[in-house]
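Hey, can you work out the whole structure from these sequences and the hints?
2 protein chains.
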Amino acid sequence: MKIALISMEVVPGRPDRNTKTICQKIREAKAAGAELAVCPAFCLSGRFLGRELSQPAFLRDCMDDAQDIARAAEGIAVLFGSIADEAERPVSDGRTLLSARDGALQEVARRPLHASSPFSPLIYALPEEDILIAVDAAPFPTPLRGAGLAALARKHRKTVVYVNALGLQDKGKTVYAFDGVCRVCRADGSVVLTTPPYEDGITVVDTAALTSCETPAKEPEVAPIYRTLRYGVRKFLERIHMERVVVGISGGIDSAVSAALYVDAIGADRVLLVNMPSRFNSATTKGLAAQLAERLGCRSMIVPIEESVAHTVAQLTEISVEGAAAAPGERLKISSFVRENMQARDRSGRVLATIAAAWGAGFTCNGNKAESTVGYATLYGDLAGFFAALADLWKYRVYDLARYLNASVYGREVIPQGIIDIMPSAELSDAQNVDEGKGDPIRYPYHDFLFRAFAEDSRLPEDILQAYAKNALEAYIGCAEGLVASYFPTAADFIADLEHWWGLYTGMAVAKRIQAPPILSVSGHAYGADHPESQIGAYETRAYRRLKEELLNA
Amino acid sequence: MKIALISMEVVPGRPDRNTKTICQKIREAKAAGAELAVCPAFCLSGRFLGRELSQPAFLRDCMDDAQDIARAAEGIAVLFGSIADEAERPVSDGRTLLSARDGALQEVARRPLHASSPFSPLIYALPEEDILIAVDAAPFPTPLRGAGLAALARKHRKTVVYVNALGLQDKGKTVYAFDGVCRVCRADGSVVLTTPPYEDGITVVDTAALTSCETPAKEPEVAPIYRTLRYGVRKFLERIHMERVVVGISGGIDSAVSAALYVDAIGADRVLLVNMPSRFNSATTKGLAAQLAERLGCRSMIVPIEESVAHTVAQLTEISVEGAAAAPGERLKISSFVRENMQARDRSGRVLATIAAAWGAGFTCNGNKAESTVGYATLYGDLAGFFAALADLWKYRVYDLARYLNASVYGREVIPQGIIDIMPSAELSDAQNVDEGKGDPIRYPYHDFLFRAFAEDSRLPEDILQAYAKNALEAYIGCAEGLVASYFPTAADFIADLEHWWGLYTGMAVAKRIQAPPILSVSGHAYGADHPESQIGAYETRAYRRLKEELLNA
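So the sequences go chain by chain: B and L. The first sequence lines up with residues 1 to 554 when you count with the working numbering. The second sequence lines up with residues 1 to 554 when you count with the working numbering.
Treat the hints loosely; a few may be bogus.
As the list claims (entries may be wrong) - Straight-line distance between alpha carbons at most 25 Å, and here's what the computed DSS-like set of lysine-lysine pairs gives:
#1 LYS218/B <-> LYS333/B
#2 LYS286/B <-> LYS158/B
#3 LYS2/B <-> LYS218/B
#4 LYS512/L <-> LYS512/B
#5 LYS20/L <-> LYS2/L
#6 LYS548/B <-> LYS512/L
#7 LYS30/B <-> LYS2/B
#8 LYS20/B <-> LYS548/L
#9 LYS2/B <-> LYS158/B
Because the hints were derived from the structure by calculation, they are not lab data. Just so we're clear, the structure is a prediction, and the values are computed from it rather than from any experiment.
Have a look at this one:
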């Protein structure tokens, strides 16, 4: 049987546009001699629809559009996914698979494979064929897909034809990329075809003549993540009708990776880099920022912020506080800590936001996931931006990306090695002088993994402390051996550090995440829609308190 | 039977603190001669717990704490709510009712009355008594409570004893107040006791001697909303350990109501008002802001922003844009529209955020729900702040509150009548000159109700257009008669306006809401947790397109 596998971009909430795409793909499939065209799950409606889901008018339009598709399926069978009516939704996540041919339309599958599993395509056994159709709408990453398809094929002893949705969909704060990969597995579980990710197109296979495919070339672990980022930022800009991007660059690693990513994704002529030094920024990082801008070949500006910040300090400390509640001659004092955050807000709220508006652009948020986890960022400052493309990546991944960008994407050192080698630092005060080897309070080689245990593996302080007490923490969280003892000479030091970051993670950082930009999900555990949280603060379990007391009294 | 009704503040995610409160209440109930103490639903665990819900360690602690409560229930029966284990959760929302006495503990109810209804307390019939116990954890507003309790009493021909949780809990972006009201209904449905909202305490009733209570005095419709706001801002500040508040005041209605609310809730000595005029602010509004500050008796400052904005304009237009992609001598241009938003960000990101940090305070977001609905606010500008207390109130409610604050809360004109009378205006350009009667593009007497139809009643443009075509729109959305014809001479005008605001509501405003501050829910339909949304943009249904064509061709 000749089957056309359809990789099509699904626009959520736009059945009218998706219907046009499906009808176009049907024509292409027929022209290629296919007897059956298989489109992905939710390809008519989209999957993440917010309140549209609850609108009967929307479902009604989807049904009308499905009829149009059925009429377009002249002389060819078409399978395509849509949204089911509301009554079924708690059971089946709303997905339904429709079969159309010559004007006739019928539902052929509704319940997904495993409603609660990340691998849950809709499955349909083609009548009188040894073929299972699996249509999916699964966002990146899809870790179970390979094994899941092979297991399905072997279990049923049938060929499995799998089609995933392509496109970008969001649940507000969290943005998901769908890779559009199609795959064919033989009954023995061997993969005979995999289409390239993030590419629109149709692929026709003859199930009577399946030949083994070549094993794909080994690629770095970060490669699929990079593809997702590149596709994600490009599509997100399209979605919000934004043509250009402004990136603040500090000479540090996060902003450098962000700049190189956007230049690769949308082109140098659509990116403007802005370096905004204060008196705390070293000649080293200013030089590195300039090198980066020059190597990327896009527009750039240098906008010093010293004068503006000084003006604000002078103005706000000169104006007296009046009113019945004020002391005579009352004035505000501005501490060095307050001055740190002022710089961050001056850069984003004053400079970047204005440049972006003037240039018809959005400005990016370059923060990583370690910073998001503990709120190591300034609200309306470096936490601002139209999109946080790197905010679901731990710091070590950002370094991986920097090396990958140089080695594989650009094939030259666009991100100067100095940026990769320098100590990470916010450079907001003399205490963060990079030339003296001072920097961020986060010790990434350990904290990246501690924070990952909190955020992605749901580990509580009691779990961490138990592993620490057994001298097994590094293996437990996956960081390098020997770090814990070298960072924390005593149990008291270890506990103070743990409680400090746990307190921020469950406290101030929650407040900051509420107002953070949308995040591109690449881990499957991004902050936002998949990480419900309340402003509760730290709670110490009974087991934690007992163990802590034991350790401190040992 | 003597029953103690417990109004207790529940701290979500803190079973240790709630256990202490419950044990203290048990002692008070015993001292008052009660045979049974009834605590609210979820009073041990809290109800909105984010990821804590998924932690077995948390459930384990709740069970251990429940045992402690059972031991404290010496010689008295105690009913209290907690969280059930995860397996039951899809069915029952996790709520469980436990009965404790003399060290023994048992579950007596689990499934709520109506899982899908806003009125869904856990119900338990006391053995050998004609009494139903109803324990609840229902946030404000609780519109069905009165009728629901009476119906329950009549249906079962039993006395109903109802206890609601007290306190503040949040689902991140959305913050809910629980009023702690206890109520007793006789078998005929008549109410014999209602405790005051938002008050901690215990009330002992003898069910053998229930006498009718006086009908409560009639109060303005806005009174319970104001109580919720006052309680909400006070408790939210407590929750985030913030003592002081900075409020930017423009001389307009929203900021005036915000200022008067905070002064009433936390005291004049903990509030600092800041007026930040630019050249577009009239003497009228500057004068009104000064009057407001003087009448509220708190601290105040006047911080002009003209110099800072001019510095930024000069700086960013002087610095040349460099790089391979730039034209020779390329410079940015700053339009008057860009300058409007610059002012808003200068006020919040530069002035208010710095003053707040210097004074150990948070600064408020004063926006209303009409602005939130269509994103009529500047990100990192007037949309910034630690908390948006008024963001679930339509503009007409803000006016109601202003009059209520003067008449009933302060008993004098703290909000100058001029602020209530003036045309609402952002005063960000000459086009918004209040002295010339120019102001916001939102025509609140109509748009408030149109936006409410979108946001709270899930009306689509096709519904609105249908009502318009039948000349029945004003009744349909609840605004004053005659407005539609006076604002929109032709169907084309009407449709252009509808599409403009619907486009913003489903487009740019979604992006802004993602980064907006947490909102205090007072409508039961606040943006945030109860209003899932995706960045999809406007979709025109088939029915809408047909009707529009008919109207435009008529």
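Here's how the hints hold up against the structure:
1. LYS218/B <-> LYS333/B: It is violated: about 59 Å lies between the C-alpha atoms, which goes past 25 Å.
2. LYS286/B <-> LYS158/B: Distance of about 61 Å is beyond 25 Å: violated.
3. LYS2/B <-> LYS218/B: 30 Å, violated
4. LYS512/L <-> LYS512/B: 15 Å, holds
5. LYS20/L <-> LYS2/L: Within the cut-off at roughly 23 Å; holds.
6. LYS548/B <-> LYS512/L: Not OK: LYS548/B and LYS512/L at ~43 Å, beyond 25 Å, violated.
7. LYS30/B <-> LYS2/B: The hint holds at about 10 Å.
8. LYS20/B <-> LYS548/L: Holds, at about 22 Å.
9. LYS2/B <-> LYS158/B: Judged against 25 Å, a Cα distance of about 16 Å means the pair holds.
In the structure shown, a violation is registered for the earlier hints numbered 1, 2, 3 and 6, in ascending order.
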